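J.: The residues making up each chain are set out below.
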Amino acid sequence: MLRRILGRGQPVAAGVPAATAEPTQPLETETEKHDYAVASEWELMWYKFKRHRLALICGVVVLLLYVVAAFVEFIAPYNPEAQNPAAAYQAPTRVHFVDAEGNFHLQPFVYGTTSQRNPDTFELEFVEDTSVIHPLQLFVRGDSYRMWGLFDANLHLFGVEDPNVRLYLLGADRQGRDMFSRIVHGTRISMSIGLVGVVMSFVIGIVVGGISGYFGGTVDLVVQRIIEFIRSMPTIPLWLGLAAALPADWSILQIYFAITVILSLIGWTGLAQVVRGRALALREEDFIMAARLSGTSRTRIIVRHMVPSFMSHIIAALTLAVPEMIIAETALSFLGLGLRYPAISWGVLLQEAQNLRSIALAPWLLAPGAMVVIAVLALNFFGDGLRDAADPYKR
Amino acid sequence: MGRYIIQRIVLTIPTIFAISIVSFVIIQLPPGDFLTAYITTLESGGQVVDQAQIDALRNQYGLGEPVHIQYLKWISRTLVGDFGYSFQWQRPVSELIGERMLMTIILSVASLLLVWAISLPIGIYSAVKQYSPGDYFFTFISFIGLGIPNFLLALVLMWWAYSYLGMSVGGLFSQQYADAPWSLARVLDLLAHLWIPAIVLAVGGIAGLIRIMRANLLDELPRLYVTTARAKGMKEGRLVLKYPVRVALNPFVSTIGWTLPGLVSGSIIVSVVLNLPTTGPMLLTALQSQDMYLAGAILLLLSVLTVIGTLISDILLAWLDPRIRFN
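Chains as they are written, first to last, in the working numbering: chain A, 1 to 395; chain B, 1001 to 1327.
These are calculated hints, taken from the structure and not from any lab test. None of the values given here were measured: they were computed from a predicted structure. Cβ atoms here follow ideal geometry from the backbone N, Cα and C, with glycine treated the same way. Errors might be hidden in some of the hints.
[Unchecked claim] Chain A side only, calculated, beta carbon under 10 Å to chain B, not exhaustive: (1) Arg231; (2) Pro237; (3) Trp239; (4) Leu242; (5) Pro323; (6) Leu350.
[Said to hold, decoys possible] Computed far set for chain B versus chain A, every beta-carbon distance over 10 Å: (7) Ser1020; (8) Gln1053; (9) Gln1070; (10) Lys1073; (11) Pro1092; (12) Ile1105; (13) Leu1184; (14) Arg1230.
So that you can see chain A by itself, here it is in the shape it has in the complex (with noise of 0.2 Å):
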């Protein structure tokens, strides 16, 4: 109730016909302007985008997050459960142009390391053996995998022919797995715990911000206030609560689902309402009413005038939504009450630097972070040059 005054007002979405809409800023070019005259709804929402530069690059971080999403197997180096307890911990391997005698090298390579102990402090050091270069090279056979539970396979697409040398991008954790390798296997779950959350508490909140907007009246009221309830409860500690009933022994993929299922029962609310507003929003627009006193049926004014008009501003919904979701699984698994060891998502890799000794150790721990601020971040802008696209009648 109280929230109606917060912040800006939503636009209204307009029904305006293309051709009647006067452009919004100056043009760029000629055919640009003759296009913009005859341009879908689409295409002007992807001339306004294009505006917003940094929306556009986040926009292409954010493919490429779902592409290497896609490719684990292939992208990382190694298989990520490799364990080398002579490399615990060791710092990330230096790349080098330039070699011991001083020559430059076009392709850049990395010297193998033998590791020992400090007889002093116990510590492992690596020392490099400038003797022999290892390019780095593409297309490598490494360690055999299972693309997509379809085909063996092991071809990746960079490392060091050498099965003797390994190849620490990010560093080794404890038992001297490759980060790297960790991070992008990480980036499967974490990236796709987004986007099924995401569509999970979409179906929620459609079905109840459409029943709520369908029946109005009591109904609305009832839904508006469990709404109102579930946003006024902190999160964290229900989904610690719900996360931690979860079965000890169940698989990964059920505990996945179950962490899934668990973020959109509390995150529906947010886009239920945003469903729920734009609906009544466009409710009141000319071009329904038009609609309905010709004659049209409920069904095909909600399908062919009304979801279309709010597609957008949905689509810009979902997107803001997803790095909430990735945020409540790194922060519920870091916590050891959301995913677990054997499943490897940037939360996981995060438990490891809950240890302040490991992380003066070995900062690189902290890169699974890096990571989700990263991806946070390209998909707020992403979202953001969204949403403002969203509406290309606007003013």
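Let chain A serve as the given structure and place chain B on it in line with the hints.
T.: Just chain B now, with coordinates in the frame of chain A:
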């Protein structure tokens, strides 16, 4: 005004009822009842289980009876301040959570004040000097602030302070005051430690509120009343603060409704990272060891506190803005 306040208070009753049900459900979620867990703990500790005592407990908590009876027994004991027994700590829950609850409240309120104190001037500046380098700078910073989960910030801060300053930023008290009774020195010690977690917690809220304040003020600034005042020769600084800021301030107060749950929620995880003596770490261990009466009590109290905080903010808002109390 009085009528509005009563109305709001009455409206929170169903909310608190719903919270109690959610908490009760979470207590019931783990398989088995808490007594079986209790007996297992006792036996694994090599203690002899007294059957008479178990039966007495079983009767007291209504275990084995229908769920609604169990709920009624639980809620009626809770209402008189008996939150049950923590088998992990071997003490009544009410004894355990008092001071930790207080610390959670202090931390949340401190962060809330910090959120306001920082975002108000920056929000005004960003709106008045729209598109200035300063505005771009704060916009950029606030987007970054929104993107960084606060527990990560806490982690990085802790690592940075440990590696480069050689100090530990965890905790809310120095060692000698940790278990000391309350005194002026202890309060000062708390204040000296409080600001770091408070800032960590506040960052997200500050970033969000700067955006809201800026947007609201930008909506107000082109209004005719502003032009009128300016045309009459009012000084710009006085004008901005006296009229548009007051209107734009409204959402500021109403956002407590979501700032506060966010802060309480964030305080849980930040406390775990920074090892603060709040309810956060206790809730986590209670959930991990399925000490459900303790976990349920913390959950219930945190949520009720949030609702009360929101209630206070709504009343404040009505006091500030007559349009709300007459609507």
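J.: So, for every hint listed, does it hold in this structure?
T.: Consistency of the hints with the structure:
1. Interface restraint check: A:Arg231 against chain B, minimum CB-CB distance 6 Å, threshold 10 Å, status holds.
2. Because the smallest distance between the Cβ of A:Pro237 and any Cβ of chain B comes to about 5 Å, under 10 Å, the interface hint for this residue holds.
3. Hint status for A:Trp239 relative to chain B: holds, with the closest Cβ pair at about 9 Å, below 10 Å.
4. A hinted interface residue such as A:Leu242 counts as satisfied when its beta carbon comes closer than 10 Å to some beta carbon of chain B; here the least separation is about 7 Å, so the hint holds.
5. The beta carbon of A:Pro323 comes within 7 Å of a beta carbon in chain B, closer than 10 Å, and the hint placing it at the interface holds.
6. Proximity of A:Leu350 to chain B holds as hinted, the smallest CB-CB distance being about 8 Å (cut-off 10 Å).
7. Non-interface status of B:Ser1020 relative to chain A is upheld: no Cβ of that chain comes within 10 Å, the nearest being about 12 Å off.
8. No beta-carbon of chain A is positioned within 10 Å of the beta-carbon of B:Gln1053; the least distance is around 27 Å.
9. Every C-beta of chain A lies more than 10 Å from that of B:Gln1070, the closest at about 17 Å, which supports listing it as non-interface.
10. Chain A leaves B:Lys1073 outside its interface by the beta-carbon criterion, the shortest separation being 20 Å against a cut-off of 10 Å.
11. Even its closest Cβ contact with chain A, about 21 Å, leaves B:Pro1092 beyond 10 Å, as expected for a residue assigned away from the interface.
12. Chain A leaves B:Ile1105 outside its interface by the beta-carbon criterion, the shortest separation being 13 Å against a cut-off of 10 Å.
13. With a minimum CB-CB distance of about 31 Å to chain A, B:Leu1184 clears the 10 Å threshold, and the non-interface call stands.
14. The beta carbon of B:Arg1230 is kept farther than 10 Å from every beta carbon of chain A, the shortest such distance being approximately 23 Å.
No hint from the list above goes unmet by this structure.
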